[in-house]
Structure formats: structure tokens, C-alpha cells
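Protein chains: 2
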Amino acid sequence: MKVALIGLGSVGRGVAGMIAKKDLGITITGIADSRSGLIDGGGVDIPALLARKKEGGFCGDQTISSADIVKKADYDALIEVTPTDALSGEPATGYIRSAISRKKHVVTSNKGPISLFLNELRMAARKNGVALRYEATVAGAIPIMHTLEDGLAGNEILALYGVLNGTCNFILTRMAAEGLTYEQALMEAREMGYAEADPTYDVQGIDAAIKLVILANTIWGNGVKLDGVDRTGIDLLTADALRLAEDEGCTIRLIAEAIPRKKILRVSPRIIGKNHPLVVDGTLNALTLETDMAREITLIGRGAGSVETASAIIGDLLYIRDRYVQRA
Amino acid sequence: MKVALIGLGSVGRGVAGMIAKKDLGITITGIADSRSGLIDGGGVDIPALLARKKEGGFCGDQTISSADIVKKADYDALIEVTPTDALSGEPATGYIRSAISRKKHVVTSNKGPISLFLNELRMAARKNGVALRYEATVAGAIPIMHTLEDGLAGNEILALYGVLNGTCNFILTRMAAEGLTYEQALMEAREMGYAEADPTYDVQGIDAAIKLVILANTIWGNGVKLDGVDRTGIDLLTADALRLAEDEGCTIRLIAEAIPRKKILRVSPRIIGKNHPLVVDGTLNALTLETDMAREITLIGRGAGSVETASAIIGDLLYIRDRYVQRA
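From first to last, the protein sequence lines stand for chains A and B. Just so we're aligned, residue 287 is where the first sequence starts under our numbering, counting upward by one. Just so we're aligned, residue 287 is where the second sequence starts under our numbering, counting upward by one.
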């Protein structure tokens with residue numbers, strides 16, 4: 287199977303490295319970072335390219351853009367892992383539309399296009415007979431989309447509850463464990479590299495809400511949007527609130543919930559029993575699916591990281607390889 | 287897709303009920319309990335049959351046996367859910383061999399044949415171009431086999447750790463929570479219907495070890511057997527031991543572990559941090575997979591129950607329907 291890889295940040299480098307390392311029957315025939323691109327029908331030399339990137343060099347030719355690769359390279363599946371723009375979804379959405387219109391499969395980790403345009407992109411993919419896979423958009427290495435699709439096939443999903451933002455979970459874990467204030471815990475998260483200089487996107491629950499939108503639309507196809515999520519962040523939580531919860535054998539976590547029967551679509555800090563499966567520590571992510579047959583199934587794993595996210599992308603690529611490309 | 291269902295205990299009735307209730311494109315053309323059988327190429331009337339069974343009546347004709355159904359009925363997939371005989375694997379193994387030799391797919395919840403003869407049955411299935419699925423043999427509703435196969439595709443599984451016996455987990459949870467002795471907690475488990483009159487199979491770790499054998503052979507194909515599992519039960523655990531663990535912020539769980547790089551294949555009570563994802567309460571099951579890319583992924587869910595186990599079986603049936611029968 288031939289793939290084109292657009293985006294060479296942490297996730298893109300992780301994916302490229304794993305494709306080079308593992309014998310998956312996958313060849314990268316086109317690759318681009320934000321400044322340059324490279325097309326090689328015989329297969330890009332990944333180790334050499336990663337070494338070049340590490341030294342601050344260009345990925346390829348500055349006259350070849352990401353859009354050129356998407357439009358012109360010979361590949362079966364596009365791997366789109368450029369940075370997320372949650373408002374416009376660009377330039378990722380353009381790349382994805384363009385690949386689908388060329389009847390190429392698409393695998394993306396990009397929350398922008400999927401949270402904004404899932405229904406449109408899904409329909410276009412179906413019309414063109416190709417797969418659109420986005421396991422990596424939600425909860426990093428946790429194979430939530432595969433579980434919804436295959437593992438729990440035949441089940442009706444009645445509700446979902448998730449800890450979908452590692453930054454918030456780290457801050458809350460530290461506040462509870464050490465009695466820190468929100469500001470102290472945020473400072474620590476920044477020092478550890480878990481929080482951005484501007485943490486708004488994480489601590490106000492926007493990131494978790496975007497993931498909730500993706501999950502809800504995937505499961506129920508109900509066309510919900512970010513502004514339909516009832517959202518409260520963790521930035522106003524006091525150390526006292528956490529202490530009171532702990533006194534009762536509980537703790538506080540930022541929980542994303544979708545419960546269609548109650549018309550609930552919400553991200554908010556919730557008091558939750560310490561033994562509840564969703565109470566995970568540090569930057570872990572967790573998801574509970576409430577179903578009609580399997581009842582509650584909880585999945586826990588790493589929500590971020592280069593190789594962890596590569597795991598989700600490679601799972602999607604193998605799905606396409608085994609169900610589409612090998613049969614063609 | 288046409289299926290034959292052998293076994294009408296709690297699991298069999300759960301499966302039949304769900305096939306009748308849900309629109310899955312599955313028709314039961316043959317069905318048998320331990321005393322009688324029924325063949326109906328047009329589709330067995332499931333609600334009528336379940337009502338008959340509820341009143342203590344026969345499933346069908348006493349002159350038609352399970353073996354007759356397996357050998358003569360017209361079906362695409364056999365659903366084998368008779369009681370487990372962990373020593374001989376019979377009569378289930380005979381039914382499964384017979385169905386595979388007729389080029390029929392097989393779905394089973396039976397730990398006997400799968401823990402004893404997985405490699406042989408797998409090879410026979412491959413030779414005959416049919417699927418052998420057994421999601422329900424380990425951890426009830428948790429889609430562990432699907433996760434290994436699809437969700438974590440491309441990952442190398444380095445080790446696994448599991449809480450695979452709900453009876454033991456219930457007893458340990460109650461000992462820790464209420465300071466009960468093993469005998470008191472066992473009594474409570476019996477009253478709740480979670481423990482058999484003779485609890486040996488559960489409390490001495492045999493059931494967990496059998497599941498560990500199934501998982502290890504599935505993942506690494508290394509032909510391990512039950513007598514290769516280093517096994518210690520929970521029946522000699524004292525309330526003091528649990529109290530000491532709790533004093534250190536830990537607890538004790540019966541953990542099944544397979545770590546090939548250390549040559550460990552073991553079921554034993556382990557001291558484990560209370561915040562560890564594997565520490566689940568009551569009769570829940572939990573499994574952690576250690577992988578090279580996704581790192582640790584934990585799955586938590588119900589390890590038993592009629593409808594919960596039906597979820598696993600129906601997941602397997604839909605796998606076969608979508609990948610084999612619909613394409614044929």
C-alpha cells in the first residue's frame with residue numbers, strides 16, 4: 287500500500303518512523319512538512335529524511351507544497367497530520383476533500399475537519415468508495431473508534447462519559463494529591479510540558495468538547511456542533527472544592543458526557559467516586575461507553591504522544607490495507 | 287446469515303433472545319439444548335421456543351441431538367455455548383471439529399476447546415477457509431479479542447495483566463472494604479450467586495489461569511497449557527494481609543500475568559496501588575495490555591452475565607457476517 291504523509295510534527299515523525307521500522311507493507315510515496323515536499327514513487331528514504339529534519343533541514347523540495355503532494359502523488363491513502371485549526375479546519379479539510387475526490391482513502395489525526403465537517407466528508411468518502419478514518423482524533427492511543435465499530439458491533443450505545451483532556455486531568459490529579467491550588471498545578475503542568483503557554487483551549491474544556499462532538503457525531507450521526515456543548519472548564523475550581531470531594535471518598539474530574547435520552551451534551555467538572563473506572567491519574571484518558579448488551583465498557587490509555595498517536599494512525603492504515611487495498 | 291445454536295443455558299438464551307430482538311440479518315435454522323433439538327430452515331420461532339423453555343418444556347424433538355444439528359442443519363455459522371468441561375473439552379470440541387469439517391464458521395464461549403486445542407482448531411479453520419471466533423471465552427463483554435486483532439493492529443503486545451475472575455474480585459473487594467475474612471466474603475459471594483457451592487475452580491485461580499492460557503496462545507501462539515501456569519489462589523489470604531496492603535494505599539487483587547520476555551505466566555494475589563487501572567470493584571473484569579506503540583491500554587467491563595456474554599458472541603457473528611458471508 288502506498289501512502290502520502292502530510293505533516294511532519296511530532297505525530298507525523300512518529301508515523302513515518304514506525305512505517306520505516308515495522309514491516310507493514312506500507313510505502314511512503316509522498317511526504318511534506320509546512321515548507322517543502324518530496325515525491326518518490328519508489329518509496330521515500332524515511333531514516334534519511336528524519337535525520338535531515340532533525341538537523342533543521344528541509345523535508346524535500348521547497349517548490350513542492352503539501353497541496354501538490356495531495357493532488358499529484360501516486361498513493362492509496364493520505365495520512366493527514368497537520369496542526370489542528372479548530373475554527374476553520376484548514377488547511378487540513380482542503381487536503382482531505384482533495385484526496386477523497388481523487389478516490390484516495392484518508393487517515394487523519396486532525397480534530398478540525400472531523401469536528402466541523404464529519405457528515406460532509408463521510409458522505410463524500412462513501413460516494414467515492416473510500417475510507418475516512420480518524421481514530422487518532424480522540425483519546426490518542428485508545429482504540430475507541432475500532433471498539434465502537436467492531437468490538438461492540440451489535441450494541442446500541444446509550445451514553446458515553448470520558449476523560450478526554452490529559453492536561454486537565456493532570457492538573458486535577460495534582461490538586462487532589464498535593465492540595466495544590468489551580469494556579470500551582472497549572473504551573474507544574476507547564477513545567478512538565480503538559481500545558482501550553484496559553485492553556486485556554488485545554489482548561490476551559492474546549493478540547494474535550496471538540497472530541498465529544500466527534501464521538502457524538504460518530505455514534506449517533508446527530509450533527510451536533512461545538513456550540514451545542516454545555517461547557518464549564520476547570521479554571522475556576524478551588525483547592526477547597528477538591529478537598530471537600532476527597533473528604534467524601536470522591537474526587538473531581540473534567541467529564542465529557544453525551545446522554546441522548548436526557549439531551550445531555552456537556553463538559554464539566556464532576557464529583558466522582560474514587561473507585562470509578564473513569565478516575566485515572568495524570569495525563570491518562572478514559573472513556574466509558576454505556577451499551578444495551580455489554581453494559582458499561584471502559585477504556586483507559588494515553589491520550590497523547592508521538593508514538594501513541596502513531597499507534598492509532600497505523601491501526602487505521604492497516605484497517606484500510608486489509609479491507610480495501612489487499613482486496614482490490 | 288443462518289446460524290445453528292447449541293446450548294440453551296443462560297448464555298444461549300441470551301444470544302437467542304438478542305438475535306430475535308435485534309435486526310441483525312441472522313436467522314437461527316437449528317437449535318438444541320441438552321435433551322432435544324429443532325431444525326427449521328425457515329427460521330426457528332425464538333420467542334415461542336424461549337417461552338417453552340421457561341415453562342420447563344423441551345426445546346424441540348427428543349430424537350434430534352446437538353450432534354445431529356451440527357452435522358445436518360443448514361447454517362453458515364455454529365454458535366457453540368454448551369457448558370465448559372475444562373479437562374476434556376467435550377462435547378464442545380467434537381461439535382466444533384464437526385462444524386469446521388463441514389466448512390462452517392464457529393463462534394464459541396466455551397473455554398474447554400479453546401484452552402486445550404486452539405492451535406489444532408485454528409489450523410483446521412484456516413484450512414477450511416472459515417472463521418473460529420471466541421471473544422466470549424475471556425472477560426465476558428470486554429471486546430479483548432477484537433482489540434488485539436483490530437484496535438491495536440500493528441502493535442506488538444509485550445505483556446498482559448488481567449483481573450479475569452469476577453468471583454475472586456468480589457471476594458477481595460469485600461474483604462478490603464469491610465475487613466471481612468476470606469470465609470465471610472466467600473459466604474457473601476455464595477449468597478449473591480457469584481460463587482458456586484464448590485468454589486475451587488474460581489478461588490484457586492484455575493478459571494483465571496485457563497483464560498490466561500487462551501490469551502497467551504491467541505497473542506503469541508506459543509502453545510502454553512494450563513499446567514504451565516504458575517498458580518496461587520486467594521483461599522489462603524488473610525484479612526490481615528489485606529489490611530496491611532490498605533495501610534500502604536494499596537490493595538490485593540488476583541492478577542493473571544503473561545510477560546514472555548521474563549518467562550512469566552502466572553496467576554497470583556498481588557499487592558497493587560489503589561489508583562492502578564486494574565483495581566476494579568466487585569465482579570468486574572479488567573485487562574491491561576502493554577504494547578510497543580500504544581503503551582498500556584486497559585479495558586474494563588463485565589466478565590459474566592447472559593446478555594453481556596451475548597454481546598461478545600453477537601460481535602463475533604457480525605464479524606463473520608461482514609467479512610465472510612456478505613462477501614460470499
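One thing to keep in mind: the hints can contain errors.
When chains are identical, the list treats them as one kind, so a pair holds in a single copy or across two.
Unchecked claim - Straight-line alpha carbon distances no greater than 30 Å define the calculated DSS-like cross-link-like pairs of lysine-lysine that follow:
| no. | residue 1 | residue 2 |
| --- | --- | --- |
| 1 | Lys413 | Lys308 |
| 2 | Lys548 | Lys307 |
| 3 | Lys560 | Lys288 |
| 4 | Lys288 | Lys339 |
| 5 | Lys548 | Lys308 |
| 6 | Lys357 | Lys549 |
| 7 | Lys358 | Lys560 |
| 8 | Lys308 | Lys340 |
| 9 | Lys307 | Lys288 |
| 10 | Lys549 | Lys389 |
| 11 | Lys413 | Lys389 |
| 12 | Lys288 | Lys549 |
| 13 | Lys307 | Lys549 |
| 14 | Lys549 | Lys358 |
| 15 | Lys357 | Lys340 |
| 16 | Lys308 | Lys549 |
| 17 | Lys307 | Lys339 |
Note that these hints are calculated values from the structure, not bench results.
Taking the hints in turn, this is what the structure says about them:
no. : hint              : verdict
1   : Lys413 <-> Lys308 : between (33 Å within a copy, 28 Å between copies)
2   : Lys548 <-> Lys307 : between (47 Å within a copy, 24 Å between copies)
3   : Lys560 <-> Lys288 : neither (47 Å within a copy, 46 Å between copies)
4   : Lys288 <-> Lys339 : within (22 Å within a copy, 56 Å between copies)
5   : Lys548 <-> Lys308 : between (46 Å within a copy, 23 Å between copies)
6   : Lys357 <-> Lys549 : neither (42 Å within a copy, 50 Å between copies)
7   : Lys358 <-> Lys560 : neither (53 Å within a copy, 54 Å between copies)
8   : Lys308 <-> Lys340 : within (21 Å within a copy, 54 Å between copies)
9   : Lys307 <-> Lys288 : within (16 Å within a copy, 43 Å between copies)
10  : Lys549 <-> Lys389 : neither (37 Å within a copy, 48 Å between copies)
11  : Lys413 <-> Lys389 : within (9 Å within a copy, 35 Å between copies)
12  : Lys288 <-> Lys549 : neither (43 Å within a copy, 38 Å between copies)
13  : Lys307 <-> Lys549 : between (46 Å within a copy, 26 Å between copies)
14  : Lys549 <-> Lys358 : neither (45 Å within a copy, 50 Å between copies)
15  : Lys357 <-> Lys340 : within (27 Å within a copy, 63 Å between copies)
16  : Lys308 <-> Lys549 : between (45 Å within a copy, 24 Å between copies)
17  : Lys307 <-> Lys339 : within (17 Å within a copy, 57 Å between copies)
The earlier numbered hints that this structure contradicts are 3, 6, 7, 10, 12 and 14.
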